[in-house]
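Make a model of the complete structure from these sequences and hints.
Here are the chains, one letter per residue:
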Amino acid sequence: MLKVSHLSVSYGKEKILTNVSLTVPTGSTTAIVGPSGSGKSTLLHAICGLITIESGQIFIDDIDVTSTPAHRRNIGLVSQSGDLFPTMTVRENIEFGLRMDKADADTRAMRSDFLLDLISLAEYGKRMPDTLSGGQARRVAVARALARKPPLLVMDEPLTGLDAETHDELATDIKRLIAETATTAIIVTHDLDEAKFFADVVIDIRSLTEPE
Amino acid sequence: MKKIHLIAVLLGSAIVAASCTSSSSENTTTEVTLVAYDSFTPEEGIFDAFTEQTGATVKVVTAGDTGTMVSKAILTAGNPEGDVMWGIDNTFLSRAQDANVLSSYEPVDEGDICVNYDKEWFNERAIAVPTSFEDLVRPEYAGLLTVQDPVNSSPGLGFLLGTIAHFGDNNWEQYWRALKDNKVNMAPDWSSAYYEAFSASSDTGKYPLVVSYGSSPPAEVVFAETPITEPTTGVIEATCFRQTEYVGVLRGTKNTELAEKLVEYLLGKKFQESMPLTLFVFPINKDAILPEVFEKFAVRPANPLLMEPKKIEDNRESWLDTWRGLFS
Amino acid sequence: MTRSQHGLAAAPWVFLGVFFVAPVVMTLAIFSDITVLQETITNSFFIKIAWFSLWQAMLSVVVTLLIGLPATWALSRVSFPGSQILRGILSAPFVMPAVVVASGVLAVLPADNNTGLIPILWAHAMFNISVVLRIVGPRWELLDQRLEHAAATLGAHPMHTFRHIVWPHIKNSTMNAALLIFIYCFTSFGVIVIVGGFQRRTMEAEIFTQAIRLGDTSTATALAVTQIAMIGLVFTIVRTRSGREISAQHIQRRPPLSSTTHNRWIVWGAIASAVAVVGLPLVATLWRSIYSRSTQSFTVSGWESLLDARLPGMAYSATEVLTNSAMFALLAALVCVPLSLAAVVSNNRFLFFVSSLPVVVSAATLGIGLIITFDVDPIAWRSQWWLLPVVHAVIAFPLTTRTLHPAYTAIPTSLRHSATVLGASPLRTFFHIEIPIMKSALWRATGLSAAVSLGEFGATSFLSRSGTTTMPIAISQLMGTVGQAPQQAAFALSATFIIVTIGVMSRA
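Chains as they are written, first to last, in UniProt numbering: chain P, 1 to 212; chain X, 1 to 328; chain B, 1 to 508.
Bear in mind the hints are in silico, worked out from the structure with no lab data behind them.
Zero decoy hints are in this set.
With a Cα cut of at most 27 Å, we get these calculated DSSO-like pairs of lysine-lysine:
1) Lys-171(B) with Lys-126(P)
2) Lys-261(X) with Lys-59(X)
3) Lys-102(P) with Lys-171(B)
4) Lys-3(P) with Lys-196(P)
5) Lys-48(B) with Lys-183(X)
6) Lys-311(X) with Lys-180(X)
7) Lys-196(P) with Lys-149(P)
8) Lys-286(X) with Lys-261(X)
9) Lys-296(X) with Lys-269(X)
10) Lys-3(P) with Lys-149(P)
11) Lys-48(B) with Lys-180(X)
12) Lys-175(P) with Lys-149(P)
To spell it out: a stretch of chain X is covered by chain B in this simulated footprint if at least three of its residues, at any positions, have a beta carbon under 8 Å from a beta carbon of chain B; those stretches are:
13) 51-64
14) 179-193
15) 209-220
16) 315-326
A quick note: this is a predicted structure, and the numbers were derived from the prediction, not measured.
Glycine included, each C-beta is placed from N, C-alpha and C at the ideal position.
Shown next, in the form of C-alpha cells:
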C-alpha cells in the first residue's frame, strides 16, 4: 500500500528525519510511536505531500507519488485538533473534499448523511464548528477525512487533549470507523497503550532510521 | 510605568515652553514680523543693519506660496499674522485690495515671465530661435514648447496673461487653439516643466522651449554644480510678461511705525542690491547696482507685456474658465 | 473602573474638540452656502473631477491589492532570511512625504511621459502596499496552517484553498485595508499635484485650487462637504457588507521557505514584483542624487550641500530641516499616542466616531479653520510653532486609535479580574498589566503618528512658519528653484530620508 524509502527532511539546517524507510501493508492499521520532537508529524506531512522533502521516495500502491502535489494524492488526514474550517458548517466541512472532486449535490448529501450517521451526529449538519464539543469536533474531522473514500487515512495524535471518558469513547469510535470503511490507516501517537489499542503493528519512529 | 511618567513630563514641559515663547513674543515691541512666501530667502544677516538703526529685530514668517499667503491674509484681514507682507504680485494684488488686507503698499521688485530656450538644442540643429508669440505656433516649432497649467501655476498664469496682453481680449483664445494644434506640452507646475520636460535641464527632456523667468539664465550660473561662465539657456524677450511684487503694511498691525520703517528698509539701496542674487528679481530702486552676472545674463526687456492688477482680478475667473474649456 | 473611564474620555474630547471639531465647524459655519453647494454639485466640471477621484481610487485599491496581497502572503506565511529588510523596504514609503514618493516615480519614468494615470497608480500602490502588509499580514499569520493542510489533503488545488479557506479568513481585514486605501487615494493631494499632470485632478487637489489659487473658499467648502458625503457613502456600503470576524486561530511558527511545498519561484515572484514597485522609484531617487540629468555626469554636490551651513538657495541647512522634522514627529507622537490610548480605554463609541473623522475631512477645511479660529487672545495660537505637531497629532489620531483598539480589546477580562483579586487598583492594573501587554501596539501607534507628522503636507501648508521648515517643504522648495545645485540637494535630501526610513522600518 504505502512505501516510504530513504526519506530525509530538514527545516532549514535542522535535520528532522534522516534516511527513514517504512512499509504499510494494505488493510492494516499501523501505529507510529515516539517522544515529541522525534519527527512523527513531519513523517505524516511528508507522506501527505505537505512539505518538501530533501531526498527519498514515497510510493502508494507501487506508484511513485514523490512529486505529486498534496491535493492529488487522495490521503485522508486527521490532525491533532481544531482544524475544522471555521467558516463552514459541519456538513460543509464533510462535503468539502467531494466539492473539490466536483461531485454533484445529491452524491455529496448522500455521503455526508451516511457519515453523519456513522459518527452519531445526524442532527448536527447545520452547526458551526465552534459550537461542537472537543469529541464531536474530532469525529467530524475523521468523517471529513473519510468522505472521499481515501485508500489511506493518516491520523496525527487524534486523541490528545480530551478528557478520559471522551478519549475512550472516541478511540472506540475511530477504531470502528476504520474497520467499517476498510481503510488502511496510520496513526501517530506518543501513548503506547493507545497505539496498541488501535494498531496491528506498532513501530517506534527511531527504529525506522536506517544506518547509512 | 516609568515611560508614562516620562511622557507626561515631556508633554508638560512642551506646553510650558510653548506658552513661554508665546507670551515673550507678544509682550515685546522690539520685534517686527515680516510675512513672506516660502521662497523668500534673503541674504543672511541682511536685517542686522535694520536692527542697528531701530533696535528692533525682524522675524520672518513664511506662509506658503504666494497664493496660500494671500488667501490666508484675506481670511485674517484686519487681524493679521504679522506686520508687513512681502511679495504679493500683480496677479494677486487686486484680490488683496478687495479684501482690504493692506493699509499701504508699494512695488518692491520686478521680474518677467518669459519663454526660455535651450541654446545648444537650437545650435546643434541650426534652427533659428523663435522670437515672438507668433513664431511659437509656426509648424517648424511644433511640439517644442512646454508651458504650465495657468490655474495652478504662477508662471503658467503669467504666460497666459502675456498672451492676453499681446493678442487682446478677443483673439487670445484663437492663439491658444493654435498653440494646442502646434502640440504645446502642458505641465502641472514649474518644476516638472523646467526639470522634467525642458531639454536643457534633463537628458530625457524633449522640449527646448519652456515658460520660466527672465532671471533663470543667471540663476543657472549661480546655482551651477560645476562652475560655468555662460548659461546654457536664453530668453525670448518678446514673450516677457512683467511680474511686479509688492510690499505692504498689513492692516490691523499694532506696530505701524516699525512696519513702515521696515518697508522703507526693504525699498532701500542695501536690501534692494541684495535681492538679485538671493531672490532672482530686479530691484525697483533705481539707485541699486546690479551684480555682474545679472547685468550680463538676466533679460530685462525694454517693453514688457503689462496688465493692470484690477483687470487681472476682474477677468481671471472667466479667462481660466475659458482656458479650462480649451484644454480639458 | 467605569467612572475613571469616563474621566479618561475628557482629555481626548477636549483635544479633538479644540483642535479639530471647532476649526472645522468654524469653516463650515462661515463658508457653507447652499446655493454654492447646489451650483457645485451640478457643475459638469466638478462632476468630472468627483468621478475621476472615485474611479482612480478604486483602481488604486485594486492595483495595490494585486501587488500587495501576494507579497503579504509570502512575508506572513513563509519565513526566510532577509524578510525583515524586505518588510522594511515595503513599509518605508508609508512614512515618506508624498513629494519623496512622487518624485521617485518621476525619476524612474522617462521625463516627458511621467505624469498621468500610470504614475498616479504607481505612487498610490507604493504608499499603500504597507497598509495591506500591516492590516492583512497579522491576520494572515493567525490562519492555522493545518486548515490549509486539511484542504490540500481533501483535494483542494491551492487556488481553491485560497478561495474557500484563506479568503474567508482574511476577507474582513482585506476589506478594512481596502477601505483605508480607498480613502487615502480618494483624498490624494501631494501625489496628484506632482505626478497627476494638469488634467488628472482629485477633489482634494481642486479644493486647494479653489481655496488658494482662485480664492473661492465657498466653492472649496462645498467640494469638501461633497467629498465627506461621498466617502461616508462608500464607507457605509462597505461596512454593511462585511460580516463578523471569525475568531482568531492560534499563532504558529512560520515554516522556513525550504520546507514548504510552495514553489520558491512563486514566493520570490510575489516579493520581487512588490519590491520592484516600491524599490525602483526609491533606487531612482538614490541614483538621481548622484547623477545629474543636465550635465549627464556623476556628482556628489547634492550630498556635499547637505553639510553646508545653508542648502543652495535656501535660508536653512539640511541639519536644521532634519532636526525640525524629527522633533515635530516626536512631539506629535507624544501628544497623539497617550490621548488615543485614553480614547480607546474610555470605550466611548461617540468619541471613537469623532476620532475617525480627521481621515475624511479635507486638510484645507481644517487648515482654513485653524487660522480663522485661533486668531484672538487667549487662543491666538495660529503662528505658534507647536500648533504644527498638534495638527499632525489630530490627523494621526484615527490611525493610532485604530491601532490601539484591537490590542486593548484583546486583553482578556479574566486578566483584569485576577489582578483586581490580587489587590491591584484599576490604575495599577492599567499600568502593570495592560500597558505591557499593549507594548507592541503602542510602538506601532508611535511609529504611525510620527510617520504622519513627517509626511503631512496639506493642513500644515496653511500654517505659517518661522524657522521651522520641515523635510517635505524643504524638498519641494528645492525642487522649485532654478539651478542644478538645488535639484541635486533635493534628491540627496530625499535619499537621506529613504535610507533612514528603511533602516528604522526594518526594525519596527
